[in-house]
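Chains as they are written, first to last, in the numbering used here: chain A, 1296 to 1652; chain B, 66 to 435.
There could be a bad hint or two in this list.
Claimed, not checked - FRET-style restraints, in silico, Cβ to Cβ: (1) F1518(A) to E243(B): 31 to 41 Å; (2) E248(B) to P1584(A): 27 to 37 Å; (3) I1443(A) to D265(B): 29 to 39 Å; (4) G68(B) to F1585(A): 53 to 63 Å; (5) E243(B) to I1429(A): 56 to 66 Å; (6) Q91(B) to P1390(A): 15 to 25 Å.
Unchecked claim - With a cut-off of at most 27 Å between alpha-carbon atoms, the simulated DSS-like pairs for lysine-lysine come out as follows: (7) K1631(A) to K316(B); (8) K89(B) to K1455(A); (9) K113(B) to K365(B); (10) K245(B) to K196(B); (11) K1347(A) to K196(B).
As the list claims (entries may be wrong) - Which chain B residues stay away from chain A? Per the calculated CB distances, all over 10 Å, these: (12) Y106; (13) H108; (14) N117; (15) K148; (16) P155; (17) L202; (18) R212; (19) Y249; (20) D250; (21) D272; (22) N276; (23) Y277; (24) V353; (25) K365; (26) P389; (27) E412.
These are computed hints drawn from the structure, not numbers from a lab. Backbone N, C-alpha and C define an ideal beta-carbon position, used for all residues, glycine too.
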Amino acid sequence: MTVDWLYTTFSQLFSFIENTDLLFLMSAILPIGIIVSLMAANAIVMVYAEMKISAFMQDRVGPMGQGPGLHAGKFGILQPIADPIKLLLKEDTIPEVADKPLFILAPFIIFLGAIIGFLAVPFNENVIVVDLNIGIFYIMAVGSLAVIGLILAGWSSNNKWSLYGGMRSAAQIISYEIPAGLCVIVIIMLAGSLNMQDIIHYQSGGMLNWIIFSNPFSFVAFFVFFICIVAETNRGPFDISEAESELVGGFHTEYSGFRWSIFFLSEYANMLIVAFVAATGFLGGWQSPFQDFMTGPLWGTFWMLGKVFSLLFVMIWFRWTFPRLRVDQLMYICWKVFIPISLINIFGVGIWTILIG
Amino acid sequence: MDGDLMTINMGPNHPATHGVLRLKCQTDGEIISGITPVIGYLHRCFEKHSENVTYEQVIPYVDRCDYLSSMTMDFGYVVAVEKLMNIEVPEKVEYIRVVMAELQRIASHLLALGVYGMDMGAFTPMLYMLKERERILDLFELTCGARLLYNYMWVGGLSHDLPRGFVEMTYQFLDQFEPKIDEYDNVLSNNKIFVERTADIGVLPPDVAVNYGVTGPNLRASGVKWDLRKNEAYSIYDRFDFEVPIGEGIKGTVGDCWDRYYVRMIEIRESVKIVRQALAKMPKDGDVHKAVPKKIRPPKGSIYSRTESSRGDLGYYIISDGTPTPSRVKMRSPSFASLSAISEISEGWMMSDMISVLGSLDIVLGEIDR
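Chain B on its own, in the form it takes in the complex (with noise of 0.2 Å):
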């Protein structure tokens, strides 16, 4: 049988588009033939924003873009600003900022892999694992007030110093963290039902990862090693010892839906060891305003600096007058390039595997329309 095809808006206001996402799909009965996103329904000017403020003032911008990631947002903006400005900043800081950024990860990551289980129908997964995000959350609480725009990270140092008691409670939680991991693995990973629906579905081959500009775990899950705080150590990540994952196709392809699930859980597991050496090596004592500048007021000159965020390789570049408001903020959204991808790897399945797609990529749309 002959037919026309049928083209569905997904979006803009859709349970699965994690946010305010359109996509333009043209399909063929169940089949998806084109795939268009549209995006800019969460458009907040941040560029334009930032080039009117201090320099200061646009960390609480940067925490808002990606929101569910917003302490390596901060890391990412305050490293380029350091870099620029050449500010030593103390040895407990960069350990309280690695801390800090490492159990962002973890609950980041904790949220893609919930709402991913959700999107394919299982809720119970999704409720385990936002229990124990609560927790990282209420440690952030405890340190800077806030549950998810810190604003914690300073050029030059920290708004706050950690609080009593933080070292012990975030022992205390990863103690009883790491083996809620196993238990995630036994609910999720390897139900037989989930792994129908995401194994073989979705395969991002490393050359078109690439030629996106697919950063990330999304990228590693396609089997390239690449990951910011190996390859280029920013801040001290050159001191722990930690692996990077990459997608080993256990249960289908490389780079299918389910490696794609899988590297972020084992990140959770390595992100989970770096906190633990953190937390051992960090200097008792220090104060964390000591490098904070009086006047942020970079040299003339130009940066671009990429770290690690939780959704990939998160760049700024940043132009300076020599005035203390930017010249020029640009950001470099990983979730752009992710999402970019999606028509390339989800054209020919089925509906619901463009939604097991498009909730593998773990895409934040402030991030993207920024």
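Chain A with its partners taken away, still in its complex shape (with noise of 0.2 Å):
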């Protein structure tokens, strides 16, 4: 279900239309439209799963009021249709020094760049949207345009507090990209293709045969891969970049209402995203985790979701059990450990490609 077979669904459909443009755009905004609602979507689902996982972990019951039965609601379900509209009614303060245009600017390049990797996502077997041959190096690639927001977003706050979490999360991210990288060149040596379909044509066939479990230094590189991008992201243990309790809320301190909302989706877009990257490079995408299993295309979106929000439980995990760590050490681990294990492990899948097969 990509593009091209929207648009050709389309005109026999829609044969009446001449307008090839027309037909074009409609098959253009559709998977856009599906993806803005997915997003949307994922970060009411995850607000929710935060709040009444890290509610478990720590002995609370969570949100209760909202839901069925006002205020009597049990599990409060509708708290994050809540959230929201208290966003959007909030007023939308600008800071009085702020560079205007840039920080209108920054949290719409942030959502672009947690939206646009989405198009090469596979959600099953034919869901698509667009199947490019380079797939896994269009996500990376796209993903560190998050980047470019986080600077402009601290820079024009006019805050040296913003100033400070926008030249950590800039370091952070950029660092962590390179050991992620060497982490998905292992899966391009194995899969011998950048397609994400392909990569998981590669793994199919039952667990055994996924790449994580397909050699001793695949499976060090999904660990080293999964650390990497909960780094990206900018979640605990990794947040220096919003530190909190250090930088107050890092570069979006002086954001409120819709726009600071709008950081926020783009967090769970992309740490949704980054699921997906890890789930199809490694844990086999939509496959069955047993041969001949509950397959199909159904199935396949089933099994691919379970496996990305298994993820994102791990990092919402993470975040309520570690620390954070210091900018200093955080860069150590990228330099000192991660980038030398991640080359170890390029060389190591090579060399028991060639010996072990």
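Starting from two chains that each stand alone, build the complex the way the hints lay out.
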């Protein structure tokens, strides 16, 4: 179900429309609409999950008020609806000394970086917006767009704390792209392709064919990759760019209301997309863990989302368990631990493939 | 690359300053090259107020100075006035005071440790600790109706006797609380990231600590065995068997942030011991109002009396001119001395380390500004 497929379907369905530009527009806007709603839905689910999981870990009950039976709701399932409403109704403040155009632009750049990555994400065997032949490379590339937004947000706020946050996150994200990219090379070496669907097809035939289990080096690569993507999404314990107790709010200190919620939305969207990459690259994507067991398009989506949300759960778990690292310790781990390990992994995978196969 | 230093104001409103403290930081990138604490945002004229109210009316003001450790603040003040008036306090009152002061010490340290964890980014341990603190506050509420500012200790006595069932409930609390301390060790004290963030950071050498007048857990963490409960036993502290923990540099250097954190953790264990002993020895009968004077009018003279509050050496200097109002009440605030050492120990470290040092000193601004 790619854009091309939509285009052909539309031209068959609406053959009375001669104007092909209109058809193209329709087939392009539909997937974007779906992706945006997916992002919003994901944020809603994740906000609720984060609140409830953290509550569970901290011996609390979490949100209970909103939901069926107003103020008597048992599970607070409408809390993630109430939060955006509150954010939308808030006054939109822009500091007087802020660099206005950049201040307004920054959240959109981050949002853009988060949204366009979804174009190359496979949801199951058939559903992918654009089946790019360099899919995984594309996702890694547009993922780093967010850095520009973060620096802009930090700089344009004209607040020293924001500037700290912006600079920290720039250093952090750019550094962690390197080991993450090196781990992706392991995937590419094994699968022999940059195409997301090809990578998944390579891992067909049960759990043991997944790249994570294909050799010891790729097993290590998965964990390095996972930690790197947690760091790349600025989540705890790597949330030094927001670091509430140090930098107040970091780059989003001066943002409020809906602009702030766009940062929030993008954070969850980024988490989702990196989890998709990890699930695709290492965990077999939409493949079932057992051969010929519950296969098919619908089950494919189930497996994909199951893997993705398990990874997201681990990210939430991390955040509510660990203290925060210091900025130089973070860099130390990246440059002196992860990069050497990832380089060894590449050699290891190469040698393993030649010797053992 | 050379660059100018950036001056950045941390506070008066900042999540990590534990109140309204302003730190003027000179920063070179992430490195702090100079730091000046600016205090006074919470100044409430405690000492001037005290000159215009009677002796017993000072107690609520004392409560509000260190609002996280009100019982020990009261304790210090009433001990000073009693010394001035030569009042002999009934046995039972002494035991109740010790129980309350030690429970308060546990509560105060729990908050300090939990919030310190939160400063380091670990949110969950704080809620574990606050949950236990709540149970102590419940005990206080049962006793005197208040959860934060108690006004419980009076000159010569207490506002209320212990409620029925208090002793059993306290035992119950201690029994379920003690295993939790090991849990805190697992979840926070020995956490690799937490140790990385606190060990070898902000080392306060013993001589510097003594020169700055740092007292309490901060001084003991630097390896100086000084606790007024042992060294100048006031009230009935000489009757209990407890250890004075000192920093041993288990994870790094003696006197680092981790030591300051961990000394408090051991002190919680010691306080539990003291509470158990006090509850066991406490006389069953006795009137807590027996020695409360009808009129508090100390003879002319002055007194300096010091006690060990949760934050250190808490001294009261009271001058009496023979009237029902004190002529002068001066408080020696332990947090003030601790805070004054911050520029000495956090210069040259990174911004995040400064947060770590500040949190480990466990200051309360109400007591610094008074």
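Checked against the structure, which of the hints given earlier come out wrong? Violated hints: none; all satisfied.
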